[in-house]
Amino acid sequence: MKRNNVLIVDDQHWVKTMLKEALSYSGFDAHVASDHVEAIEIVKVEQPEIVIIDVNLPEIDGFRLLSIIRSIKPDVKAVFISGSSNVNVARRAMAEGALRYFIKPFDVFDFISYLTEISQLDTA
Amino acid sequence: MASERRQRSEEFGKMIGNFQKYFTKSSCPLKQGLPLYLSEGCHLVLIEYQAEGNKTFEYEVDFFILEDEKGILGYLVSYEDTENLKELERKNMQLESLLAEKEIAASYVHELKNPLFSIRGFLQIIRQSLSDGDKRKEYADIAINELDRMNNLLNDYLSRYRAHNTPEIKSKGLSVKKIIEELIVFFEHSLHLKGITYKIEFEDSDLQVLMGKEQLMQVLLNIVQNSIEAMDKGAHLSIRAFKDEDWVCIEIKDEGVGIKQSDLDKIFTPFFSTKENGTGLGLYITKRIVDSNGGSINIKSTEGKGTTTYLKFPRAY
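Chains as they are written, first to last, in our numbering: chain A, 5 to 128; chain B, 39 to 355.
Source of the hints: derived by calculation from the structure; they are not laboratory data. Even glycine gets a Cβ: it sits at the ideal position worked out from N, Cα and C. Some hints could be false.
Far from chain A, by Cβ distances over 10 Å, these chain B residues were calculated [what the hints assert, rightly or not]:
| hint | residue |
| --- | --- |
| 1 | 124 |
| 2 | 128 |
| 3 | 135 |
| 4 | 136 |
| 5 | 142 |
| 6 | 171 |
| 7 | 237 |
| 8 | 241 |
Capping the alpha-carbon separation at 25 Å, the derived lysine to any residue pairs in SDA-like fashion look like this [to be verified]:
| hint | chain 1 | residue 1 | chain 2 | residue 2 |
| --- | --- | --- | --- | --- |
| 9 | A | 24 | B | 167 |
| 10 | B | 215 | B | 280 |
| 11 | B | 251 | A | 92 |
| 12 | B | 338 | A | 62 |
| 13 | B | 313 | B | 303 |
| 14 | A | 24 | B | 154 |
| 15 | B | 350 | A | 75 |
| 16 | A | 48 | A | 72 |
Distance windows between CB atoms, simulated [stated by the list, open to error]:
| hint | chain 1 | residue 1 | chain 2 | residue 2 | range |
| --- | --- | --- | --- | --- | --- |
| 17 | B | 124 | A | 103 | 53 to 61 Å |
| 18 | B | 318 | A | 68 | 22 to 30 Å |
| 19 | A | 122 | B | 171 | 32 to 40 Å |
| 20 | B | 233 | A | 68 | 37 to 45 Å |
Modelling step: build the complete structure from the supplied sequences, incorporating the hints.
In structure tokens:
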């Protein structure tokens with residue numbers, strides 16, 4: 005069976021390592037990137053079905069990164085994660101076409117259930 | 039102290055008496071050795087007066103020449119003790135550092151969310167691998183609950199901080215025009231003293247953003263302060279606010295010394311400063327506030343020509 009291909013972009017080393025670990029444990033094929041340069045490289049090669057992007061990235065922010073990723077892979081499903089509970093940030097994330105916005109710290113297994121759900125959307 | 043004030047006024051009265059003979063239609067030195075000149079028109083002059091007992095008094099003097107076609111009718115001189123102005127500046131600086139202090143505290147709390155999240159996640163992974171009935175599974179649950187309690191405390195702190203910094207949902211938003219006008223009052227004195235001219239333009243006087251007043255004030259304060267510090271006499275500062283679809287854009291353009299291309303990448307890094315006494319936190323905090331409100335900040339600069347800062351915030355209706 006083809007595993008769901010996911011890219012996690014977060015500049016926090018242990019956050020992305022933990023998410024990769026949890027996602028791999030649950031049967032996802034998880035790739036990680038710390039910034040937009042690594043992320044764009046991985047998108048080109050791996051063509052992930054879902055991207056999980058932290059809003060606060062060094063140099064260019066998560067919103068701009070998503071628009072670049074979309075120019076490479078227009079049908080990518082995007083989920084934003086952030087430590088900010090500011091309503092403007094959440095609103096912007098949704099306006100940029102994200103499916104959901106998760107505020108850190110959140111329940112990792114609930115998060116994975118959600119990803120499983122959205123990854124089955126287009127196969128149904 | 040009232041008596042000291044009175045004494046100062048008397049000192050100044052004596053000084054003014056002596057100045058009369060120096061007030062002429064053309065520019066001339068006020069006093070031998072003092073690099074001060076009065077010329078025709080309206081003036082702002084800073085005078086340091088060495089009084090008896092070697093005390094220094096400073097006054098700001100506005101000087102008007104009153105004349106008709108027959109010639110000079112007289113002079114109108116008004117003055118203000120700069121102690122008042124210094125006090126105002128001290129208060130401004132205190133306010134500024136208080137705002138910065140609060141922002142830094144909020145930044146730290148915010149940064150704690152990342153390690154909290156990775157610890158929580160790893161604990162969940164460990165917990166998942168343990169079988170039911172294993173005492174360690176119970177311990178993992180306790181640890182996760184404790185982390186959630188910690189997170190609630192942090193949220194509590196942030197919401198207290200935000201209570202002052204975010205307009206209530208029901209409110210209409212914050213008027214950009216009002217904030218910029220308040221800001222200029224703040225800087226009017228230093229702009230005047232440095233001989234910097236300025237222009238403010240609002241495409242729409244009803245532009246509103248949904249963010250805390252103190253936060254927007256802090257962002258604009260940091261940028262305008264940098265601009266003023268970078269500029270010399272005769273330079274021009276322009277602030278322009280306009281809308282672009284769902285955004286409110288604010289452009290702050292100065293004719294200052296500019297930023298070296300090699301420094302431009304580092305300006306948002308904490309503790310990076312090109313100023314001798316800079317903390318290197320100003321633009322770092324500025325960017326953090328802008329980001330946390332769903333906005334963006336871009337700075338373009340040419341060395342020797344000036345710097346333009348472009349701010350964008352989600353528009354409130």
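Review point. Are all beta-carbon distances from residue 171(B) to chain A longer than 10 Å?
Key: 20 Å, holds
Exercise for review: Quickly compare the C-alpha distance for residue 251(B) and residue 92(A) to 25 Å and report which way the hint goes.
Suggested key: With a Cα-Cα distance of about 15 Å, the restraint between residue 251(B) and residue 92(A) holds, given a limit of 25 Å.
Check your understanding: Should the label of residue 124(B) as a non-interface residue stand, given a Cβ cut-off of 10 Å to chain A?
Key -> 38 Å, holds
Practice item. Examine each Cβ of chain A, and state whether all of them lie more than 10 Å from the Cβ of residue 135(B). Key: Residue 135(B) is indeed farther than 10 Å from all Cβ atoms of chain A, at 24 Å.
Review point. Are residue 122(A) and residue 171(B) spaced within 32 to 40 Å by their CB atoms?
Key: 34 Å, holds
Check your understanding: Is it true that the C-beta distance of residue 318(B) to residue 68(A) lies inside 22 to 30 Å, as the hint says?
Key -> Given a distance of about 25 Å, which is inside 22 to 30 Å, the answer is holds.
Exercise for review: Could you check that no beta carbon of chain A comes within 10 Å of the beta carbon of residue 136(B)?
Suggested key: 22 Å, holds
Check your understanding: Using the C-beta atoms of residue 124(B) and residue 103(A), is the stated range 53 to 61 Å upheld?
Key -> 56 Å, holds
Point to revise | 10 Å cut-off, C-beta based - residue 142(B) kept clear of every residue in chain A | key: At roughly 16 Å from the nearest Cβ of chain A, residue 142(B) sits farther out than 10 Å, so the non-interface label holds.
**Study point:** Proposed proximity, residue 62(A) with residue 338(B) (alpha carbon, max 25 Å)
**Key:** Holds: residue 338(B) and residue 62(A) sit about 18 Å apart, inside 25 Å.
Practice item. Take a quick look at residue 237(B) and tell me if its Cβ sits farther than 10 Å from every Cβ on chain A, holds or violated. Key: 29 Å, holds
Exercise for review: Verify that the Cβ of residue 128(B) lies farther than 10 Å from every Cβ atom of chain A, and report whether the claim holds or is violated.
Suggested key: 33 Å, holds
This entry satisfies every hint, going by the numbered hints stated previously.
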